[in-house]
Amino acid sequence: MGAGHGHRLFFHGHSVVHRAPAHLKLVALVVFMLLVVATPHAWWAAFGGYLLVLLAVIAVSRVPVTYIVRRMVVEVPFVLFAILMPFISTGPRIDVLGVSVSEPGLIAAGGFLAKATLGVIASLTLASTTEPVDLLRGLRTLRMPDQIVQIMSFMIRYLDVVTDEMRRMVVGMRSRGCDPRSPRHWPALARTLGALFIRSYERGERVHLAMLARGYDGTMPASDR
Amino acid sequence: MHVPDGFLDAPTSIATGVVAVAGVAVALRGARKELDDRTAPLAGLVATFVFAAQMINFPVAGGTSGHLLGGVLAAVLAGPCTAVLCISVVLLVQSLLMADGGVTALGTNITLMGLVGVAVGWLVFKALITVLPRTKASVPPAAAVAALVSVPVAALAFTALFAIGGTAPVETGKVLTAMVGWHVVIGLGEAVITFLVVGAVVASRPDLVHGARHLHSADDLEIRKAAA
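As given, the protein sequences belong to chains A and B, one line each in that order.
Read in order, the letters of the first sequence correspond to residues 1 to 225 in the numbering used here.
Read in order, the letters of the second sequence correspond to residues 1 to 228 in the numbering used here.
One should not assume that every hint holds.
[Claimed, not checked] Pair by pair, the computed Cβ-Cβ distance ranges are: (1) B:His214 x A:Pro221: 50 to 58 Å; (2) B:Val131 x A:His12: 55 to 63 Å; (3) A:Asp146 x B:Pro11: 26 to 34 Å; (4) A:Gly172 x B:Glu171: 46 to 54 Å; (5) A:His185 x B:Asp37: 36 to 44 Å; (6) A:Val53 x B:Val18: 22 to 30 Å; (7) A:Ser100 x B:Pro11: 28 to 36 Å; (8) B:Thr177 x A:Arg184: 24 to 32 Å; (9) B:Lys136 x A:Cys178: 40 to 48 Å; (10) B:Pro11 x A:Glu202: 39 to 47 Å; (11) A:Phe87 x B:Lys33: 26 to 34 Å; (12) A:Val30 x B:Val131: 26 to 34 Å; (13) B:Thr130 x A:Pro92: 27 to 35 Å.
Read the hints as simulated data drawn from the structure, not as lab findings.
Think of the CB as a built atom: it goes at the ideal place given N, C-alpha and C, for glycine as much as any other residue.
Taking the hints into account, I'd like the entire structure generated from these sequences.
Given below as structure tokens:
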């Protein structure tokens, strides 16, 4: 991967967190999140502690907190679900601000929201401090099957190529008066996606031939920087 | 929709993780048969295609939008084992690089969308293809029905997991109605788009469609002796 091709969430830096081996970061993330998920709902102090740990890691990594916060929008659908949870749950009802809600539902919603938020912050911290190349190397160190790592490396490599190709096609459609969101134009959209599949597949075939021409024998050569 | 962290308890998350690892291991063996040594670049590009196709949102009822899951689409176009690998890798990249879908819920997401979604869809597709006439025209409808069935079945599987290891005290019946009802709507969108995309590829490059491969075996090349 050439220079300047960090993925969208990567925040360039040279802190201890950035330089830490990726496999250690991955193990830390999984262990941390299993701990968070195994924590009972009403242990609010524990969730506060976890948040402090994450904030400390973010502070050391020098990634601005606003950078993380702005990217937390992926969580919005679950926040909506969590708000709904106290109303549809079973158990004894209590009044909150004059509205009758289920007490266990309220606690479960709070716990779920805390865990999901911690999960999103922890994942964002990993994504903003780890370059894809290092992540792939980390997964390989952790004995992830080589085929999976290879497929993943191709996906990361060609992500921008293929999404840009699709964006150009959609721009072309829009400039001809087609609205891809409207079901009326789905046939046109589907032909576009069909063409995108054929182009992606043929690109894969070309890449494979190019790899064979350069001596590919089923394993990827180790990439050193 | 991706299951986030904290939705299912830790034992259920770990158990689905084990299921996912086993399923992906089986798919790895199968994919080598589907694509031989082209597996890595081709599955990688198909995974990228699935990811790009998921970026297109379509409106569902009430101002919300759904997007293509692409499991059945990938299975019909590239083969079921390749599809499992593609969906799994898409979920892995989304969870590690885009914070979309929890890390502890990765096994659950792979089991639901990768294994259950693709396996059910592929079985329905195979069953229909054997029943329907052996023509190109029967491939897209079979794929559409498979997509329509696979999405609510994945939602059903989620409800079962929720009943076992859910962390919210919501009645299973309510979850079932909400999840299945909602996913029938998403399944309809998935079916229409799968139908149209498979139709478009079958029309222009039927040789690339894995689910239409049985149609060309009849017209193999043959060597004939020239009249002396």
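Do the hints match the structure? See the list:
Range check, B:His214 to A:Pro221: Cβ separation about 38 Å, and the 50 to 58 Å hint is violated. In this structure the hint that B:Val131 and A:His12 lie 55 to 63 Å apart at CB holds, the actual value being about 56 Å. The hinted range of 26 to 34 Å is satisfied by A:Asp146 and B:Pro11, whose Cβ atoms lie roughly 30 Å apart. About 49 Å separates the C-beta atoms of A:Gly172 and B:Glu171, a value consistent with the hinted range of 46 to 54 Å.
Between A:His185 and B:Asp37 the beta carbons are some 40 Å apart, a value that agrees with the proposed interval 36 to 44 Å. As the Cβ distance of A:Val53 to B:Val18 is approximately 28 Å, the hint placing it in 22 to 30 Å holds. Range check, A:Ser100 to B:Pro11: about 33 Å between beta-carbon atoms, so the 28 to 36 Å window is met. Checked against the hint of 24 to 32 Å, the C-beta distance between B:Thr177 and A:Arg184 comes to roughly 31 Å, which is consistent with it.
Against the hinted window of 40 to 48 Å, the Cβ-Cβ separation of B:Lys136 and A:Cys178 comes to about 26 Å, which falls outside the hint. The supplied range of 39 to 47 Å is met by B:Pro11 and A:Glu202, whose beta-carbon atoms lie about 45 Å from each other. The hint said 26 to 34 Å for the Cβ distance between A:Phe87 and B:Lys33, and at roughly 50 Å that hint is violated. Separation of A:Val30 from B:Val131 is about 45 Å and departs from the stated range, judged on CB atoms against 26 to 34 Å.
Checked against the hint of 27 to 35 Å, the pair B:Thr130 and A:Pro92 fails, with Cβ atoms roughly 55 Å apart.
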